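**Student:** Position 17 of the sequence shown, counting from 1, maps to 17 under full-length UniProt numbering, and the rest follow consecutively.
Derived by calculation from the structure, the hints in this document are not laboratory data.
Values in this document were obtained by computation on a predicted structure and should not be read as measured data.
We put the beta carbon where it would ideally sit given N, CA and C, even for glycine.
Careful, some of the hints might be misleading.
[To be verified] When the alpha-carbon atoms are kept at most 20 Å apart in a straight line, the in silico EDC-like pairs for lysine to aspartate or glutamate are as follows: (1) Lys42 with Glu31; (2) Lys27 with Glu6; (3) Lys43 with Asp33; (4) Lys84 with Glu6; (5) Lys27 with Asp51; (6) Lys43 with Glu6; (7) Lys84 with Asp62; (8) Lys84 with Asp36; (9) Lys42 with Glu12; (10) Lys75 with Asp62; (11) Lys75 with Asp20.
[Said to hold, decoys possible] Label-pair restraints from in silico Cβ distances: (12) Lys43 with Ser21: 44 to 54 Å; (13) Val66 with Leu38: 27 to 37 Å; (14) Gln64 with Glu12: 17 to 27 Å; (15) Lys43 with Ile3: 12 to 22 Å; (16) Ala73 with Phe14: 20 to 30 Å; (17) Leu72 with Leu137: 42 to 52 Å.
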Amino acid sequence: MDIDHELTAILELFFRFTGDSLVLRGKIAFEVDFGDPLCFLKKFMEFLVVDTRSVEIPALKDLQSVSFIHHLAMKFPTPGGVAKIREPIDVDPELADEEMMLDEDLDPRIISPDSSASLVEELEAFHMNPSDPSLMLQVGQKPEEGMKEELK
């Protein structure tokens, strides 16, 4: 594909992570569709054109996207909600879940019987403004010394 006539000149240097510079041939804008038919975003994005096999996309910041390199996925906001693009993984789904899970305790799908929340201590209510009884502050019954007097 010959796109040289569509390139906009760019007079900036591009540096790789190794520190060496790369000459940019120019930049070009394309309309890009992200997402699926129910939740998508259509946006013109500028791409840098370089003579290398690696493609850099500086416009990901403009999309406000979050990339998950390890999971081959990207999420970004759209008017219809948050869209997610994910590269299909040729792995058994059960094995993929096990590989992605760092620790059994971190899996939100597993509810441990001993992890239920409970009240630590009873709360005591204080009126913040005598002229407005709806303004109340609740503190523990065992506050630091002098705190109750400061609140009254």
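**Student:** Tell me, in ascending order, the numbers of any earlier hints that this structure violates.
**Tutor:** 4, 9, 11, 12 and 13
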